[in-house]
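For this one, chain A is given, so just place chain B on it according to the hints.
Read off the chains here:
There are 2 protein chains.
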Amino acid sequence: MLETLGKQAKAASRALMGVTQLEKEWALTALADALEARSEEILAANREDVERFVAKGGSAAMTDRLTLTKERIAGMADGVRKVRDLPDPVGEVLGMTKRPNGLVIGKKRVPLGVVGIIYEARPNVTVDAAALCLKTANACILRGGSEAISSNRMVVSVIADALSSVGFPAHAVQLVDDTSRETASRMMRLNGYIDVLIPRGGKGLIRSVVENASVPVIETGAGNCHVYVEASADLAMGVDILRNAKVSRPSVCNAAETLLVDEAVAAAFLPMAAEALAPWKVELRGCPRTCAILPGIKAAEEADWDTEYNDYILAVKVVDGIEEAISHINCHSTGHSETIVTNAYQKANQFLDRVDSAAVYVNASTRFTDGFEFGFGAEIGISTQKLHARGPMGLNELTTTKYIIYGDGQIRE
Amino acid sequence: MLETLGKQAKAASRALMGVTQLEKEWALTALADALEARSEEILAANREDVERFVAKGGSAAMTDRLTLTKERIAGMADGVRKVRDLPDPVGEVLGMTKRPNGLVIGKKRVPLGVVGIIYEARPNVTVDAAALCLKTANACILRGGSEAISSNRMVVSVIADALSSVGFPAHAVQLVDDTSRETASRMMRLNGYIDVLIPRGGKGLIRSVVENASVPVIETGAGNCHVYVEASADLAMGVDILRNAKVSRPSVCNAAETLLVDEAVAAAFLPMAAEALAPWKVELRGCPRTCAILPGIKAAEEADWDTEYNDYILAVKVVDGIEEAISHINCHSTGHSETIVTNAYQKANQFLDRVDSAAVYVNASTRFTDGFEFGFGAEIGISTQKLHARGPMGLNELTTTKYIIYGDGQIRE
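First to last, the protein sequences are chains A and B. Heads up: the first sequence begins at 1 in my numbering, then just goes up one per residue. Heads up: the second sequence begins at 1 in my numbering, then just goes up one per residue.
Chain A on its own, in the form it takes in the complex:
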């Protein structure tokens, strides 16, 4: 069954290699229009999911994430149109050289082929992932969570119909109908059919994919991000950046989890920071030097330095200087986003050079690590690994390259 999906996806991806930019734009328009035109069917399917979820005792917050409305469907359709209007990366030639023997060698951006995406909960991810893959001429195999299975089935059937209506292969977008763990595990080992697998979801899902997959994977998401206030920092700017990085949206991966502050300014900065975070009742967990300056806060344990709280909690450590800060970050970070607040030219450069994370900032909030904020116009996830893509992934990261070589009879030797 999964093999059938794989074969169909592979065949669809071959057909997509021949489509033009205009044809992809027509397909995405048809897809967006169909979502709106058939919103009643989608809403009806979604009601089944919501009722089942509520009956099982799902939380109000999760129920809200699962629930579609006419407006939310319109928002999904608009998202598809925005993806449609982005520049098309496919077909770009990234340089062409002539070799001494006359061979002309070019490197051309082409689709990945078949992209597998394993994700959780929200049905809008189904539409978003399908649109990004279609824009880059990839076929996709989507495996959503069991909570949204009725919505996902209906959405994918609407997408397939829309694609067929403009002559696109309906199998370009397929859903794994079976949401069991066993099927997910088999999907992770569908070598020969899936070119790249991208997990989008919580830590458990990502760990499971990394541990079990034999197809190439892009690891996404985990973010234990640091704000480092260096001795020369503008302390008011440090407070603004820390507050923004910690409390503007604590549940996301680019939120800060640890504050590092130079000893020289700790006594001045820490009380300012504590006061700024007080309205959000942020729980501080400090190293001994921090606790000496802010008596009454909780003492940090070793595990705190490695924890992505995703909550109103902040670990705080006083460091001797930039060397200790960099080595603490490189030791404990997940390699997502880190920022230094400083006015010292050399310290800024040192931090940019030697911190080993996907996005390294000077004097700005870590919250900017995001495909939209970086100007990509889209985001398929944030890679925390070093192969292929690192940091926010836009359309370019859904492509690979191939060498195209023009000869006139060259043979070797």
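Possibly wrong hints are sitting among the right ones.
Heads up, incomplete: computed chain A residues facing chain B, CB under 7 angstroms, no partners named [claimed, not checked]:
| # | residue |
| --- | --- |
| 1 | Ala-359 |
| 2 | Leu-387 |
| 3 | Thr-401 |
| 4 | Lys-402 |
What the hints contain is simulated information worked out from the structure, not anything from laboratory work. Note that beta-carbon positions come from the ideal geometry of N, C-alpha and C, so glycine has one too.
Same frame as chain A, now just chain B:
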């Protein structure tokens, strides 16, 4: 023990993030000089390997591959100096943009970190891999074959001494001393220490790595390459390209394994091809239409279309035209290298567009798929997967990128 190697490699890779291009050049010079200065020690260690291998009944060809001589060591040292003199990719900024909010976002080429390499037999790979990793400021963990263990130990100890002598971390290049399969398997799952694992060797090794690794892997090497002679081809050129692709070095991955020929020219071309390959006693295995034109050759079985012979054997199939040729290739190829011989503009473009392989040629031999032939000046392997690197991998492919972001107090929202 492997964890210790991992920790040491990680620490070394942090230190390497701070080295300059000049310092890397000094280190590579010291390394090359040390190989020559201590060649007697290396030769003595190599004699142990060779004696053990011969006593175990190793073949003459394999013994030759394992054996070092003073000249071969000088060649290895020269290889290191060539790598030293290549342009340094590390630190290049691949574009920098200013966002509406004033953030300046750059994408900078940086080392991968720790590269694991699992390889077989020849001790020269040890030096080659170490030099490429040092040039790109990566630490490496090398796991060679048991046959060359004495040579590898001595070579890595010479390298470590040379690195120490110029103030480089000796752990930048480490050897896995234990050549058991269990240790190799554990190396494939050394997440948190190894950033990228590259297997260099035969099919069995690569399959085992792909199946078992949980660290990111670059799959290399398998090559079921095709030569397609299209109806409009210059048949003499077709013969030259086929002969070069098949017999100039049949044991390598960019050698051709299957000939496809259009029906319109099959009766003319196949006898020419058979005659051209006769001096090398190439065994032909044909489809029924081929056998009708070349009576007496062996009939191909279904498995032949999927076989990388690495030998003087060629599968031959007559096709109806380019559609069948492209679909045969996309179905049976390993995605390495394919060539069309044609004089038809449209056919050339169709082949370049729709064949889904790392290197797609018009009117040239597949044997050119090679880092040196492509002008990279080095090669760490040939990737047949689509993530990160596709086709010959040079120094650029041993790097990743990170985003460096310059702000002046920006916060989000």
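How the hints compare with the structure:
For Ala-359 of chain A, the suggested interface contact is upheld, since its CB lies about 4 angstroms from the closest CB of chain B, less than 7 angstroms. Look at Leu-387 of chain A: its Cβ gets to within about 4 angstroms of chain B, closer than 7 angstroms, so that hint holds up. For the restraint placing Thr-401 of chain A at the interface with chain B, the shortest Cβ-Cβ distance is roughly 6 angstroms, inside the 7 angstroms limit, so the hint holds. Checking Lys-402 of chain A against chain B: minimum C-beta separation of about 6 angstroms stays under 7 angstroms; hint holds.
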